[in-house]
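2 protein chains.
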Amino acid sequence: MKYNSLNEANQAVIDKIVSAQPYLVDVVPAKSVIKELNGKVLLHAGPPIKWEQMTEPMKGSCYGAAIFEGWATNEEEAHKLLSNGEIEFIPCHHVDAVGPMGGITSGNMAVLVVENKDGGNRAYCTMNEGIGKVLRFGAYNEEVVNRLHWMKDVLGPSLSKALKLTDGGMNLNVIIAKAITMGDEFHQRNIAASAIFMKDITPYLVQTDISKEDLLAVTKFLADTDQFFLNIAMALSKAVMDSARTIQEGTIVTAMTRNGNEFGIRVSGMGDQWFTAPVNTPEGLFFTGYSQEDANPDIGDSAITEALGVGGMAMIAAPGVTRFVGAGGFDAAQNISDEMKEICMDHNPNWSIPTWDFKGACLGIDVRKVVETGITPLINTGIAHKKAGVGQVGAGTVRAPLGCFTKALEALVEKYAK
Amino acid sequence: MKYNSLNEANQAVIDKIVSAQPYLVDVVPAKSVIKELNGKVLLHAGPPIKWEQMTEPMKGSCYGAAIFEGWATNEEEAHKLLSNGEIEFIPCHHVDAVGPMGGITSGNMAVLVVENKDGGNRAYCTMNEGIGKVLRFGAYNEEVVNRLHWMKDVLGPSLSKALKLTDGGMNLNVIIAKAITMGDEFHQRNIAASAIFMKDITPYLVQTDISKEDLLAVTKFLADTDQFFLNIAMALSKAVMDSARTIQEGTIVTAMTRNGNEFGIRVSGMGDQWFTAPVNTPEGLFFTGYSQEDANPDIGDSAITEALGVGGMAMIAAPGVTRFVGAGGFDAAQNISDEMKEICMDHNPNWSIPTWDFKGACLGIDVRKVVETGITPLINTGIAHKKAGVGQVGAGTVRAPLGCFTKALEALVEKYAK
Numbered sequence: 001m002k003y004n005s006l007n008e009a010n011q012a013v014i015d016k017i018v019s020a021q022p023y024l025v026d027v028v029p030a031k032s033v034i035k036e037l038n039g040k041v042l043l044h045a046g047p048p049i050k051w052e053q054m055t056e057p058m059k060g061s062c063y064g065a066a067i068f069e070g071w072a073t074n075e076e077e078a079h080k081l082l083s084n085g086e087i088e089f090i091p092c093h094h095v096d097a098v099g100p101m102g103g104i105t106s107g108n109m110a111v112l113v114v115e116n117k118d119g120g121n122r123a124y125c126t127m128n129e130g131i132g133k134v135l136r137f138g139a140y141n142e143e144v145v146n147r148l149h150w151m152k153d154v155l156g157p158s159l160s161k162a163l164k165l166t167d168g169g170m171n172l173n174v175i176i177a178k179a180i181t182m183g184d185e186f187h188q189r190n191i192a193a194s195a196i197f198m199k200d201i202t203p204y205l206v207q208t209d210i211s212k213e214d215l216l217a218v219t220k221f222l223a224d225t226d227q228f229f230l231n232i233a234m235a236l237s238k239a240v241m242d243s244a245r246t247i248q249e250g251t252i253v254t255a256m257t258r259n260g261n262e263f264g265i266r267v268s269g270m271g272d273q274w275f276t277a278p279v280n281t282p283e284g285l286f287f288t289g290y291s292q293e294d295a296n297p298d299i300g301d302s303a304i305t306e307a308l309g310v311g312g313m314a315m316i317a318a319p320g321v322t323r324f325v326g327a328g329g330f331d332a333a334q335n336i337s338d339e340m341k342e343i344c345m346d347h348n349p350n351w352s353i354p355t356w357d358f359k360g361a362c363l364g365i366d367v368r369k370v371v372e373t374g375i376t377p378l379i380n381t382g383i384a385h386k387k388a389g390v391g392q393v394g395a396g397t398v399r400a401p402l403g404c405f406t407k408a409l410e411a412l413v414e415k416y417a418k
Numbered sequence: 001m002k003y004n005s006l007n008e009a010n011q012a013v014i015d016k017i018v019s020a021q022p023y024l025v026d027v028v029p030a031k032s033v034i035k036e037l038n039g040k041v042l043l044h045a046g047p048p049i050k051w052e053q054m055t056e057p058m059k060g061s062c063y064g065a066a067i068f069e070g071w072a073t074n075e076e077e078a079h080k081l082l083s084n085g086e087i088e089f090i091p092c093h094h095v096d097a098v099g100p101m102g103g104i105t106s107g108n109m110a111v112l113v114v115e116n117k118d119g120g121n122r123a124y125c126t127m128n129e130g131i132g133k134v135l136r137f138g139a140y141n142e143e144v145v146n147r148l149h150w151m152k153d154v155l156g157p158s159l160s161k162a163l164k165l166t167d168g169g170m171n172l173n174v175i176i177a178k179a180i181t182m183g184d185e186f187h188q189r190n191i192a193a194s195a196i197f198m199k200d201i202t203p204y205l206v207q208t209d210i211s212k213e214d215l216l217a218v219t220k221f222l223a224d225t226d227q228f229f230l231n232i233a234m235a236l237s238k239a240v241m242d243s244a245r246t247i248q249e250g251t252i253v254t255a256m257t258r259n260g261n262e263f264g265i266r267v268s269g270m271g272d273q274w275f276t277a278p279v280n281t282p283e284g285l286f287f288t289g290y291s292q293e294d295a296n297p298d299i300g301d302s303a304i305t306e307a308l309g310v311g312g313m314a315m316i317a318a319p320g321v322t323r324f325v326g327a328g329g330f331d332a333a334q335n336i337s338d339e340m341k342e343i344c345m346d347h348n349p350n351w352s353i354p355t356w357d358f359k360g361a362c363l364g365i366d367v368r369k370v371v372e373t374g375i376t377p378l379i380n381t382g383i384a385h386k387k388a389g390v391g392q393v394g395a396g397t398v399r400a401p402l403g404c405f406t407k408a409l410e411a412l413v414e415k416y417a418k
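So the sequence lines, in the order shown, correspond to chains A and B. The first sequence: position 265 = 265 (UniProt numbering), numbered continuously. The second sequence: position 330 = 330 (UniProt numbering), numbered continuously.
In case anyone wonders, no lab produced these hints; they're calculated from the structure.
One copy or two, either will do: identical chains are not told apart, so a pair holds if it fits within one copy or between any two.
Keeping only pairs whose Cα atoms sit at most 27 Å apart, straight-line, the calculated DSS-like set for lysine-lysine is:
#1 178 x 220
#2 178 x 133
#3 117 x 178
#4 161 x 220
#5 152 x 35
#6 220 x 164
#7 212 x 161
#8 133 x 386
#9 152 x 133
#10 50 x 40
#11 50 x 387
#12 152 x 212
#13 178 x 359
#14 212 x 164
Here chain A stands alone, though its shape is the one from the complex (with noise of 0.2 Å):
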């Protein structure tokens, strides 16, 4: 190892994460930046994870990405074609993705690009869909399609555009500095980021060719979809974490993910290994008419930002979200962050949270910390219905499984007793 001890490792490791300049600089079809996507392929969300394996929002999301793409009409040939393995499955993050939910993502679908401009590396998510009938959380109807057709055709291309006026993207450490101050926590709460990004972006927009039909119905979407920036702040963390990554040392947590069996995560010293357990179950609140009993277990790729230790770590940002989620009031809210800290090396100078006495946000989960303490990273997530179709029934918290940390341990300890 270059580092003289863990410890100089694991600074290594943060010093990327505080430096990194993650700028939202694109918006184009997922297959035009990531090339696996040119054939009949589905991006998921977490670990590995087969088709017969997956839970049933996931299952529902790829029937919704099937039809959009055309390689079937209805979700009965959807089915057929995936059950006959004709279908090849990669995870999001594999391809420098991440992906909400089950995030299944193919070829046509329009992914958000943030570059790091200090590693130079890029990072993609598919766009946020609003709320209700959404693809992410395994409802793939006509409405849900052809709203995913609308975000290649026009949404895409009009932020492409208007993104391309900007002096070099958009500045995201700067959208998180501000909207950190404002009760958002990137997770399940971005009301004040996007607001900001469509503040911003809104005279760019004007300045495009894009008709005026389009603007009404881009800036209309923006403004209703207060989630917007959930997947830009999970392409930001992607492209910050795997900036981190490159260090390739040290014992600090550089992703978190689910795939509704099992969770994962990978760690500074071990490159692209996945480390995993059987993933928890979310709890919260629940949209009327829907409980507990239909919550599906844990998934999606947006425990990217709890990595990067916004999120539940920030959850004192938030104080809004511990009533939204389920989890109390100030004092829950600080208790949570505090807690979190335990577990991480430092705190993000960039990111100032006023609610915290102006200390930063988590910085660098360190897998020691977790084992030695018990207590695991508290991810903030929307709860999908465990039938497809469905899709989202509430919101809540759930923790990162302990069994994924101890593997990592020990793979690390094996790995620096050589």
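Please arrange chain B on chain A, whose structure you already have, making use of the hints.
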């Protein structure tokens, strides 16, 4: 008195505050809604004041207004006109209006129109000009006057057209309720409310017939003006508090304002009467090159926000502001709001503050409690340079002087002793 006790009267006053339904319904030339402005008349901030008594920044604003109206072509001509008594002055508060800092408002300036759909009354305020050289802080150069013309000719009419496409205007209770969870206190911090306002109005702006050039200029101005919502908050505070004034009994403060010399308050049981005492000078943080010595004494109608229970009263909602105004960290913010609660009747159930453990904003400043405790309202405020033409030099906090509350209490004792 038709109430059985002062407490019952006060309850009626705060019930009016809570039941108010302020909507932003239009932006129009001031003289079209304030008939007194059809002549050589200027509105000013604070209780009544004569030209000779005005502090320099208010005088600077008068020069700018005279030039804007075409009554004078330069400072010299304006000064002559004003010194000769050719301009009549009326307090904004006497004609359903409020004005920031100098509060100088002339007939052709565009004003926001806020309608309280509960009381049916309306209130007016000029629009926020942004930062730097601006009329409200006493600057009056060409840039300032040109901007006022653009606001009259482009920004105002554009927003008016957009607002006419909405369903009865923009519901300001909703924006306040959202933004108070996002770090705004609506006096020195309006970044969230301004972003929400812009996000919500943009799709309507797009639907108007304004040119692409104007749409760009308007969206760019709104995107760049983080305090745009302040003036909306002022007009809504005025509309709400004027509705509360219809009760005409009790000991609740219904207006607080400053003209640079005197701090004036109105009290629910004493109708239109002003109770005044010499203003204090705000203390806080200064822009580079300026210091406390440059500060003009306290000025502006914006303390109507504190009368409503936000601004400095809601410091805990905006811990970021405590640093901006030099008042400390998170604990300081909490201490201030806890102290302010001691002089208020209740919490406003409409506007829950997550950082105050979800308690509502302060509601109903009781003159009796102010005098009894000696605690006077804390006001968050911009600081004008004491010389005309310079503009804003900082931001800070200032206390309302106890004297006006003591005078009001004496008058109330006299009234209710009969």
